[in-house]
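A.B. asks: Sequences listed follow chains A and B, in order. Residue numbering for the first sequence follows this note's numbering, starting at 1106 and increasing by one per position. Residue numbering for the second sequence follows this note's numbering, starting at 18 and increasing by one per position.
Simulated from the structure, these hints should not be mistaken for laboratory data. A portion of the hints provided could be inaccurate.
Here are the computed lysine to aspartate or glutamate pairs in the EDC-like style, where the Cα-Cα straight-line distance is at most 20 Å [to be verified]:
1) Lys1234/A - Asp30/B
2) Lys100/B - Glu1144/A
3) Lys1246/A - Glu28/B
4) Lys1119/A - Glu1130/A
5) Lys100/B - Glu1183/A
What follows is a set of in silico ranges between Cβ atoms, one per label pair, in the way DEER data are often shown [stated by the list, open to error]:
6) Asp1206/A - Met101/B: 25 to 35 Å
7) Arg58/B - Asp1206/A: 40 to 50 Å
8) Glu1120/A - Thr90/B: 49 to 59 Å
This structure is a prediction, so every number in the text was calculated from the model and none was measured. Quick reminder that beta carbons are idealized off the backbone N, C-alpha and C, glycines included.
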Amino acid sequence: MSNQPQFFSPLTQKEKIASDNISLELIDFLGKINVRLKEDDVQARDAVEKYLTYSLPKSAGEVTGNNETRVLWLGPNEYLLLSEDEKKDNVINGLREILSDLFCAIIDVSDYYLTMRLSGPKSIEVLTKACPLNFDQYLTKGNSCAQSYISKATVLIDRLSDDLVFDISVRWSFADYLWDWLADSSNEFIFSEK
Amino acid sequence: MFIINCPYCGERDQTEFTCHGEAHIARPDNPSEISDEEWGRYLFFRENPKGTHFERWTHDHGCRRWFNVMRDTVTDQIIKTYKMGEAKPEISNE
Ligand SMILES: [Zn+2]
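Bound conformation, chain B alone (with noise of 0.2 Å):
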């Protein structure tokens, strides 16, 4: 079993939650002004990293936010959760 720290709950079951794919990605401010391979890139392009990825996540069954999860995609490891808006935590090489 799977705990995942929500930031406003605290600890609880995995399957009070999902995960939506990766965070950090912003929409561009001028979607009309640029190229189609750019835009392409921002809707369909992500990252596919061995070790650690930034994802967004809700709380499902709780209090239905949502919210970072720096987690680890060889061992599974959530290494930190954070609210929406706060700064990527940065990776330390251990």
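Pulled out of the complex, with its shape left as it was, chain A reads as follows (with noise of 0.2 Å):
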């Protein structure tokens, strides 16, 4: 038997759904940082932009990044950076040490959340029969996010362009639950193409 870790997560074992209308996957081990400084700490943000050569979100719901990473606004003082699941302990490294003389929290949280990726013109249709943002207000175009709930789940949801689609990052626990319902509540969209 190989001692090599064996990569496993709930959805695993889920088919995926591809269709014209809607379409479900898994987007299997991403890179997730959670980073939390002083909200009024220059300083701090002033290094952590350096390292990133962008700037950090600035206000609710904002997302920046470029081609290796992306930051997601989680709260005044607190953003989820996302990164390859195989360049985030350099990420981690990086930012603890530009921050080892500065308040900071550098908190891996890659295998706390899974990713599935909801796209198609049906998709902010499914969301809405159980997420109670308002999509005309909230994630009208890419680079936005917002943190809510779907059924009974708390999501952070990610548009990732002007096209429908969205990451939608959900815990480890929910994953099942979260995937499971997203389907049957596409299975209307998938069945009416037909």
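Could you fit the two chains together into a complex? Lean on the hints.
C.D. replies: Okay, here's the thing in structure tokens:
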């Protein structure tokens, strides 16, 4: 037997949905890093921005990034940094180094959340069935994010582009439930195509 | 459907929030020096006004921050929301 760790998530066995109206797929193993700085600490903010080579989100629901990393606004002093899974340790070490003298928390939460991608022209219709967000007010364009809940699961929704593509991050233990809920809610739009 | 204006996120549905009781209650600086009655007042005694009430709320399913709400207990109208640490707003008698 091999001693290599086996990557496994509750969604590995799920059958993905791919249709003209709606698609649902698992985004496997992203690096997710929770970054907390003091709200008014300009020095720490500058250091992080210099390290990332782009600015951190300034207002609620803003997302910034480049080809390698992506930063989501979680709160006035809290961000979620996404990277490739293999590169996350580099990023964590890099951030800890540049912030070593400053007040901060850099926490690896990669295994705490799972991400699934909902896309297609009916995706907002599926989401609004059980998410209280006003989609005319929030997540109206690409590179925006919002935290809310879908049915009973607390989620972080990241709209990747002006096209309807949503990456939904959910706690590991809720992933199975949320996937089934989204799949079930998408059903009517899949059948209506046939 | 109630809409609550989170000072950080903006207008969101009330089901994303939880109320945590009265706001602006300061823990005594000198617990060992004050009497049981004074300590008891701090722990258990709360205002129960008919009208304007100041409360602590959290945006549980959003930014997860604590903030204060000025709410009318008769009409349930939320008069104002403001960040922790900001001064208690005046009650106007209109
Ligand atoms: Zn909020």
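A.B. asks: A separate judgement is required for each hint: does it hold in the structure or not?
C.D. replies: Outcome of the hint check:
Distance restraint check for Lys1234/A and Asp30/B: the Cα-Cα separation of roughly 14 Å lies within the 20 Å cut-off, and the hinted pair is therefore satisfied. Taking the CA atoms of Lys100/B and Glu1144/A, the gap is about 13 Å. The hint holds against a cut of 20 Å. Only pairs whose Cα atoms come within 20 Å are accepted, and Lys1246/A paired with Glu28/B is accepted, the gap being roughly 18 Å. Proximity of Lys1119/A to Glu1130/A is assessed by CA-CA distance (about 9 Å); at most 20 Å being required, the pair is judged to hold.
Annotation: proposed proximity of Lys100/B to Glu1183/A holds, straight-line Cα distance about 16 Å (limit 20 Å). Taking the beta carbon of each, Asp1206/A and Met101/B are about 27 Å apart, inside 25 to 35 Å as hinted. Taken as a hint, the range 40 to 50 Å holds for the pair Arg58/B and Asp1206/A, whose Cβ atoms sit roughly 44 Å apart. The hinted range of 49 to 59 Å is satisfied by Glu1120/A and Thr90/B, whose Cβ atoms lie roughly 51 Å apart.
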